[in-house]
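If you want the building blocks of each chain, they are given just below.
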Amino acid sequence: MNSLVRKAPFLILLVLFPFVTGKYHVSLLTEVVIFALFGVSYNLLLGYGNLLSFGHAMFFGLGAYTTAVVLHHIPGLGFFPAILLGTGCATLGGLLVGFLILRQKGASFALLTLAFNALFYAMATKFTFITHGDDGLSVIRPKIDFGIFTLNTSDVVVFYFVTLAIVGAVILLSWYFTGTAMGKTITLMCENEERMKFLGYSTNTTRLTLFTLTGGLAGLAGSFYALFFCFVSVDAISIAMTTTVLLITFVGGIGSFAGPILGAFVYIYLQNFLSDVTDRWQLFMGLIFIAMVLFVPGGISKLLQDMPAWWRAGHQINADKTGE
Amino acid sequence: MKWTLIFFMHGLTYAGLLFLVSSGLTLVFGMMNVLNFAHATFYMLGAYLSWTFLRTTDNFLFSLLAAPTLLFFIGVFVERFLLRRVHVLGHVYELLLTFGLAYVFTELVKWIWGTNPLAVPITGFLAQSVNLFGITYPVYRLFVFFSAVLVGLLMALVLYKTRVGIIIRGAVDDSDMVGALGINVPSLFMATFGFGAALSGFAGVIAGPLLTTFPGMGDAILVDAFVVIVVGGLGSLGGAVFASLIIGELQSFGVLLFPKFSLALIYLLMAVVLVVKPSGLFGRQP
Numbered sequence: 087m088n089s090l091v092r093k094a095p096f097l098i099l100l101v102l103f104p105f106v107t108g109k110y111h112v113s114l115l116t117e118v119v120i121f122a123l124f125g126v127s128y129n130l131l132l133g134y135g136n137l138l139s140f141g142h143a144m145f146f147g148l149g150a151y152t153t154a155v156v157l158h159h160i161p162g163l164g165f166f167p168a169i170l171l172g173t174g175c176a177t178l179g180g181l182l183v184g185f186l187i188l189r190q191k192g193a194s195f196a197l198l199t200l201a202f203n204a205l206f207y208a209m210a211t212k213f214t215f216i217t218h219g220d221d222g223l224s225v226i227r228p229k230i231d232f233g234i235f236t237l238n239t240s241d242v243v244v245f246y247f248v249t250l251a252i253v254g255a256v257i258l259l260s261w262y263f264t265g266t267a268m269g270k271t272i273t274l275m276c277e278n279e280e281r282m283k284f285l286g287y288s289t290n291t292t293r294l295t296l297f298t299l300t301g302g303l304a305g306l307a308g309s310f311y312a313l314f315f316c317f318v319s320v321d322a323i324s325i326a327m328t329t330t331v332l333l334i335t336f337v338g339g340i341g342s343f344a345g346p347i348l349g350a351f352v353y354i355y356l357q358n359f360l361s362d363v364t365d366r367w368q369l370f371m372g373l374i375f376i377a378m379v380l381f382v383p384g385g386i387s388k389l390l391q392d393m394p395a396w397w398r399a400g401h402q403i404n405a406d407k408t409g410e
Numbered sequence: 247m248k249w250t251l252i253f254f255m256h257g258l259t260y261a262g263l264l265f266l267v268s269s270g271l272t273l274v275f276g277m278m279n280v281l282n283f284a285h286a287t288f289y290m291l292g293a294y295l296s297w298t299f300l301r302t303t304d305n306f307l308f309s310l311l312a313a314p315t316l317l318f319f320i321g322v323f324v325e326r327f328l329l330r331r332v333h334v335l336g337h338v339y340e341l342l343l344t345f346g347l348a349y350v351f352t353e354l355v356k357w358i359w360g361t362n363p364l365a366v367p368i369t370g371f372l373a374q375s376v377n378l379f380g381i382t383y384p385v386y387r388l389f390v391f392f393s394a395v396l397v398g399l400l401m402a403l404v405l406y407k408t409r410v411g412i413i414i415r416g417a418v419d420d421s422d423m424v425g426a427l428g429i430n431v432p433s434l435f436m437a438t439f440g441f442g443a444a445l446s447g448f449a450g451v452i453a454g455p456l457l458t459t460f461p462g463m464g465d466a467i468l469v470d471a472f473v474v475i476v477v478g479g480l481g482s483l484g485g486a487v488f489a490s491l492i493i494g495e496l497q498s499f500g501v502l503l504f505p506k507f508s509l510a511l512i513y514l515l516m517a518v519v520l521v522v523k524p525s526g527l528f529g530r531q532p
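Just so you know, the sequences run in chain order A and B. To convert a position in the first sequence, counted from 1, into my numbering, add 86. To convert a position in the second sequence, counted from 1, into my numbering, add 246.
Be a bit skeptical, because a hint or two may be false.
Claimed, not checked - Using 30 angstroms as the maximum straight-line C-alpha spacing, the simulated DSS-like pairs for lysine-lysine come out as follows:
#: 1; chain 1: A; residue 1: Lys283; chain 2: B; residue 2: Lys523
#: 2; chain 1: B; residue 1: Lys356; chain 2: A; residue 2: Lys191
#: 3; chain 1: A; residue 1: Lys212; chain 2: B; residue 2: Lys407
To be verified - Computed beta-carbon distance windows for the label pairs:
#: 4; chain 1: B; residue 1: Leu251; chain 2: A; residue 2: Arg281; range: 48 to 54 angstroms
#: 5; chain 1: A; residue 1: Phe359; chain 2: B; residue 2: His333; range: 50 to 56 angstroms
#: 6; chain 1: A; residue 1: Tyr355; chain 2: B; residue 2: Thr408; range: 32 to 38 angstroms
#: 7; chain 1: A; residue 1: Asn238; chain 2: B; residue 2: Arg326; range: 56 to 62 angstroms
#: 8; chain 1: B; residue 1: His337; chain 2: A; residue 2: Asp241; range: 56 to 62 angstroms
#: 9; chain 1: B; residue 1: His337; chain 2: A; residue 2: Ala267; range: 48 to 54 angstroms
#: 10; chain 1: B; residue 1: Ile412; chain 2: A; residue 2: Ala377; range: 48 to 54 angstroms
#: 11; chain 1: A; residue 1: Leu163; chain 2: B; residue 2: Arg326; range: 37 to 43 angstroms
#: 12; chain 1: B; residue 1: Leu372; chain 2: A; residue 2: Asn358; range: 45 to 51 angstroms
FYI, nobody ran anything at the bench for these hints, they're computed from the structure. For clarity, every value in this text was computed on a predicted model and none was experimentally measured. Just so it is clear, CB atoms sit at the ideal spot from N, CA and C, and this is done for glycine as well.
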């Protein structure tokens, strides 16, 4: 509870944000919130579950496409059913893919996630009668009707608050989840799987549950992505999207829960800045990713955590010098 | 009957390319336990370099030798200065690094050569067709298949008949033990990585005139190469030969018989192998 109180100022800041800045930044921040959830879901898989996946975009894309397709084909479908269908479909996808490939570990698991991502990508490009292939699908954001009043989601600020409320709540729930018995099981399973098995835990079930859950979370992020851009193309399910989530997670730092949230913030603003400066922003993003892996393996959050220690160490040295 | 033969030959051609790409991948994996996600970008680089060499020198034989040599050095550089640095951080970081490299290489290729497909022209005897069991078949496709066979035989000769081969096979089984026997394992890793890159580049050079050269060509073959090493078994060269032939034929006849679902066939095969024998047909039990 204490840490929730400490997080409160950030939440207030996020709520106050639109009243201070212009629409452009509100729109960027919406994107940050959506990608933060994507990053959080990936971090749960890699940082907590130690499962390296190169196919997380397939669940993101599945959520995005499902939302877009149902909104396209079912007239009058509401905001929440569209999101729920997207998330549900991605969760189901996670269960199915996880069931098939979780028997593998390490490198072959990573390879299979990439292969399955390629399968989903190929399906998205080939099944043009559903996905419209390279042309993509356009989405019209449905209004949210509460009976008494209606929220006009096409307004940037309103959509920001809707996203912040739903996605933010889900991020908080995921954070809560890491502290529950189930969440602890995942951490312990990575530390010493043999012992967990010996204690009577079914580690395979735990892993499948985690994979399914993170698939669902990525799907929710994908649904919001579709609604945010009002457009879905094969980009949403491509390898580039997996690279995006890897970047977000690694820039922010794996292992700490807040890392990917920070990472999403840095990524979106950096991408925005770089794409203004140069057409080759993807190249620079890739170089930044490699530099992070090589030189700052803990990400920014690790740097921030170490900062006080450095500071103190620096003071110590200075104090010693003056003492002499 | 005629069509069956033609598609069978097409399958063999593709199997040859697949073998060249996946054999390097599986050797490196068997030895260093690193799955190189950037491997297919070496294939793509090979094709692009060959296009440039052909434009400047107009000599196919030259690009057939120069591009793999260049890629050998790129591979050596990647292993020595990038991969070795992250080795201490563990397996996840090695995979992440190769994944990032694949992304950067693809972007670099787009920057240097553009995103439009490039056609690599082929001239002389290789551009002709021959009569083969009653069908006319392009010489170039036969050339692709036979160069793969030649490379495969050379590899087998080196691996099973020479002292270097014994050391490499030993390192695939247990690199620590080979190191303890006084062999310089890091430089062996470096050379193997470079050799794998060169093989992949060689495949790229000969794939250039056959398929179009475009930035997505690496991704296109990467998945198939992955399926090859999953089906054949990670780290097994014999498995790579066998699985390349199966996947090559399956691709070729899949396009003929079920054009919409040719990709699904390959995944179906992979799923079946994974369920029945997760370590692959020729793989060792972990």
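Problem set entry | In rising order, the numbers of the hints this structure does not comply with | Those not satisfied are hints 2, 3, 4, 5, 6, 8, 9, 10, 11.
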